[in-house]
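These protein sequences, in sequence, are chains D and C.
Going by our numbering, the first sequence opens with residue 557, and the numbers climb by one from there.
Going by our numbering, the second sequence opens with residue 122, and the numbers climb by one from there.
The hints are simulated quantities; they were obtained by calculation from the structure and are not laboratory data.
Yeah, the Cβ is synthetic: ideal placement off N, Cα and C, and Gly gets one too.
Possibly wrong hints are sitting among the right ones.
[Said to hold, decoys possible] Calculated lysine-lysine pairs in the DSSO-like style (CA-CA distance at most 27 Å, straight line): (1) K1098/D / K186/C; (2) K262/C / K1095/D; (3) K819/D / K740/D.
[To be verified] Take a look, some chain C residues computed to stay more than 12 Å from chain D by CB distance: (4) V144; (5) V146; (6) V161; (7) L174; (8) R175; (9) D196; (10) L222; (11) D223; (12) P233; (13) G238; (14) D252.
[What the hints assert, rightly or not] FRET-style restraints, in silico, Cβ to Cβ: (15) K838/D / G176/C: 21 to 29 Å; (16) Q150/C / K838/D: 25 to 33 Å; (17) V166/C / G613/D: 35 to 43 Å; (18) P872/D / G176/C: 53 to 61 Å; (19) R1035/D / G176/C: 41 to 49 Å; (20) V166/C / A920/D: 41 to 49 Å; (21) D1111/D / V166/C: 45 to 53 Å; (22) E1087/D / Q150/C: 26 to 34 Å; (23) P872/D / M206/C: 54 to 62 Å.
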Amino acid sequence: MSDMSDAISEFLIESHENLDRLDNDLLTLEERPDDREILASIFRTIHTIKGTCGFLGYSSLESVTHVGENLLGKLRDGALSLDEAITEGLLHMVDAVRQMLAQVEASGTDGGGDWSDLIAELTRLLDVSAAAAPAPAPAPAAAAPELEPAVEVAPTPAPVAQAAEEHVHEGEKAAHGRSVADSKIRVDVEQLDKLMTLVGELVLARNQILQFQPTTEDAGFTATTQRLNLITTELQEGVMKTRMQPIETVWSKLPRVVRDLAKQCGKKMQLVMEGKETDLDKTILEAIKDPLTHIVRNSVDHGVEPPEARAALGKPEEGTLLLRAFHEGGQVNIEIIDDGGGIDVERVKAKALERRIITPDHAARMSDHEAMNLIFAPGFSTAAKVTNVSGRGVGMDVVRTNIEQIGGSVDIQSALHEGTTLRIKIPLTLAIIPALVVTTAGERFAIPQVSLLELVRLDSDSGESRIEYIHGTPVYRLRGNLLPLVYLDEQLGLAKLGGDHVSDTATNIVVLQADGRQFGLVVSDINDTEEIVVKPLDKQLKEVSVYAGATIMGDGRVALILDVLGIAQRAAVLSKTGSEGRGLGDDDANTGAGGSQLQTLLLFQAGANRRMAVQLSTVARLEEFSPDRIEYASGKPVTQYRGEIMPLVFLSEYFGGVASEREVMEVVVYQHDGCSVGLVVDHILDIVEENLGSMRRSEYPGVLGSTVVDGKITDLLDAPGVIATVLPEFFQQGVCA
Amino acid sequence: MEHQTTSGMQFCTFRLGDLFLGVDVQCVQEVIRYQEMTSVPLAPVAIRGLINLRGQIVTAIDLRKQLDLPPSQLDTPPMNVVIRMEDGAASLLVDEIGDVLDIGEDAFETPPETIRGAARRLISGVFKLDDGLLLVLDPRKAIQVQGTAAETVEAAS
Chain D
557 MSDMSDAISE FLIESHENLD RLDNDLLTLE ERPDDREILA SIFRTIHTIK GTCGFLGYSS
617 LESVTHVGEN LLGKLRDGAL SLDEAITEGL LHMVDAVRQM LAQVEASGTD GGGDWSDLIA
677 ELTRLLDVSA AAAPAPAPAP AAAAPELEPA VEVAPTPAPV AQAAEEHVHE GEKAAHGRSV
737 ADSKIRVDVE QLDKLMTLVG ELVLARNQIL QFQPTTEDAG FTATTQRLNL ITTELQEGVM
797 KTRMQPIETV WSKLPRVVRD LAKQCGKKMQ LVMEGKETDL DKTILEAIKD PLTHIVRNSV
857 DHGVEPPEAR AALGKPEEGT LLLRAFHEGG QVNIEIIDDG GGIDVERVKA KALERRIITP
917 DHAARMSDHE AMNLIFAPGF STAAKVTNVS GRGVGMDVVR TNIEQIGGSV DIQSALHEGT
977 TLRIKIPLTL AIIPALVVTT AGERFAIPQV SLLELVRLDS DSGESRIEYI HGTPVYRLRG
1037 NLLPLVYLDE QLGLAKLGGD HVSDTATNIV VLQADGRQFG LVVSDINDTE EIVVKPLDKQ
1097 LKEVSVYAGA TIMGDGRVAL ILDVLGIAQR AAVLSKTGSE GRGLGDDDAN TGAGGSQLQT
1157 LLLFQAGANR RMAVQLSTVA RLEEFSPDRI EYASGKPVTQ YRGEIMPLVF LSEYFGGVAS
1217 EREVMEVVVY QHDGCSVGLV VDHILDIVEE NLGSMRRSEY PGVLGSTVVD GKITDLLDAP
1277 GVIATVLPEF FQQGVCA
Chain C
122 MEHQTTSGMQ FCTFRLGDLF LGVDVQCVQE VIRYQEMTSV PLAPVAIRGL INLRGQIVTA
182 IDLRKQLDLP PSQLDTPPMN VVIRMEDGAA SLLVDEIGDV LDIGEDAFET PPETIRGAAR
242 RLISGVFKLD DGLLLVLDPR KAIQVQGTAA ETVEAAS
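So here's chain D without its partners, still in its complex pose (with noise of 0.2 Å):
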């Protein structure tokens, strides 16, 4: 019984490959009616399946096969020539075995339903070429399979003996197949996943090693150490590889997606693949399949315009799809591209706006790309129609969290008119991952290092000063950019929230990297970076959004991996709708600020001795400019930033200082209305909080008014009024575009 049940199993994983092939066979068939080994092969195909399945005693499959191969045989045989009818019949054909296959292995049979309707179509292709044909057509009912390769084999109808017949077929079939079959295997994944994680045990032993061997003299220790090391890295490398398949497995499926898509939509569509035979872990297959034919869909349905659309823009009425694939710095890379009509910024922008996933400020704010990178919110559809195709619910966010999942990340580029690049980048495997190591709370964490951008460290006498705050929430100024700063033990309840950071010792910033943003982890000491096996962790803590998994360390103990994308949730610096959040201006989220006189305020020395403050809110950014970087726009200073023109105006020579000469200017973005005006400051010194109850008016232009701010006598700056002097055509619209 188990025999059957095996000879069972190998027949289904043996035609579903086949029938994958068979798909994209007949889509070339299409382009090259005349290709007489497509036509073989396909035939071939069939044939097997028939064969096995009348042997197994699958009669529905037997007998829609049967008709399939008939047909097939008259095209090979030239009595007929392949026309998009008989595409779709063998198509149909095609779906139908699928189907019946599905149900093998769901029930053992294949079901018995009733597919006289796709008989009957394939028979009726069958007789117009029966018809057409002046070859004497057997009924095809009647027909015993046999007879059908004697027409390939021996050009003149001449019949052959059946048992000379198969035995020719087979020996064809060998043929084919050898060099193929004779140098692979079948294993199980399980087995392959169990020596996976035998390997991992092996490379924790190894690194458990390791840390005995700077304590020992003994030479012949240390080589076998080392010829340990070398074997464990290359067995791993080689037992990965064996979980790596092409890319091919997962594309194969994508030009009958494409194919029947743009035929239901009116398109006119060619898909082009690069770099199929680029191999990715079996896991991570899986993981891309639906993400992948999802961004596929969408450019079919969205992304490429109907043939007239394109012919008006004088592009070619077939739109092309290239799929690319190649192996870069130990990622994958798969991009998507269409010459479609690209996505239109403003309309993604006024969409994110209307479903409230963006504030109008933070349009305003936005570059081209954060804004096409809005499409992948959730709740963000851009169709205008809803149709059958895309609009069923899964969003582009579902195709980004799932890529996330997989420690990959995605972005899109996008031209109006000439079409859209999507970018997947996806790690090779996820079982063994680099790994910076980090302690905090004098416990261990793994931050995988994909998310990782750089470290910081702060000494602790200039430590403290460089961390400032914003209504109490910690940034750091990381060339120029305010960067948030999140404490770790503080998000994982280990130290009470908002606590004392002094310390004693140097402040270590892990500056990473998710969902797009930066922020900072403070951690208390960086440790190393290591390749860890990651091991999933229990049903128990997977509601723990913070972790990725868990660990073994070279010492044997157990370390929880950080999951960097939930670290970023938690601490806020990512809203889990989506694209909030984001440096200054958005800290009203923050209502620990009791008074309502209660501001906070940047300083900054402007001047000599003049100190000055400005309210934080009113300021887009901080920046510094290399002083070679001001030109000069209708005799006033400007400077090139984020693309546009923006003014400067150097505050010390307004109020009747000399600027001092310095390698960099530091600058205040202030902003009105989405135009920028640089405020040139000599120095930023700090960020307060500050009551302005006790404020003194002041008349002298350009001051709102003094206060005391540190023990110190601070200008409050009028900053409307300043650039109202400076620049007067600036509020009233037009000095950026």
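Given chain D's structure and the hints, the job is docking chain C onto it.
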């Protein structure tokens, strides 16, 4: 070793305070002494940590918390009873390990309706022994942990 009594069942027994508990020996992978463990911040309170069991990471569950019992007053560290179910393993932390008992089914009774709280969910039956009662733990439910403790940790800090 053949089963000597066909009608009876074998239980791996252990003590937790005053309670004498047992789980079907079939579900017990092994019993090991206290292992160093890594605590899991933000995890449900009943999860004490993760232990490395020969390369396999196993979640250690505080059975006292599961049964709403006060923390142990003992000086000795808890023992691990590693439960293996189809979908993974977990370790139950108990005070003291007892013998493996062979008990006839006639001594079995379902727990009384009056039993309250967490015990009602976790205890599937009672065996009347000569020197007391053996409470049978439902291993599946015993390793099921409810709720996350994220909020409680924050509240406590």
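Cross-check of the supplied hints:
no. : hint                         : result
1   : K1098/D / K186/C             : holds, 19 Å
2   : K262/C / K1095/D             : holds, 13 Å
3   : K819/D / K740/D              : violated, 38 Å
4   : V144                         : holds, 17 Å
5   : V146                         : holds, 22 Å
6   : V161                         : violated, 6 Å
7   : L174                         : violated, 10 Å
8   : R175                         : violated, 8 Å
9   : D196                         : holds, 23 Å
10  : L222                         : holds, 28 Å
11  : D223                         : holds, 31 Å
12  : P233                         : holds, 29 Å
13  : G238                         : holds, 20 Å
14  : D252                         : holds, 35 Å
15  : K838/D / G176/C: 21 to 29 Å  : holds, 22 Å
16  : Q150/C / K838/D: 25 to 33 Å  : holds, 29 Å
17  : V166/C / G613/D: 35 to 43 Å  : violated, 58 Å
18  : P872/D / G176/C: 53 to 61 Å  : holds, 58 Å
19  : R1035/D / G176/C: 41 to 49 Å : holds, 43 Å
20  : V166/C / A920/D: 41 to 49 Å  : holds, 46 Å
21  : D1111/D / V166/C: 45 to 53 Å : violated, 27 Å
22  : E1087/D / Q150/C: 26 to 34 Å : holds, 29 Å
23  : P872/D / M206/C: 54 to 62 Å  : holds, 60 Å
Consistency note: the structure conflicts with the earlier hints numbered 3, 6, 7, 8, 17 and 21.
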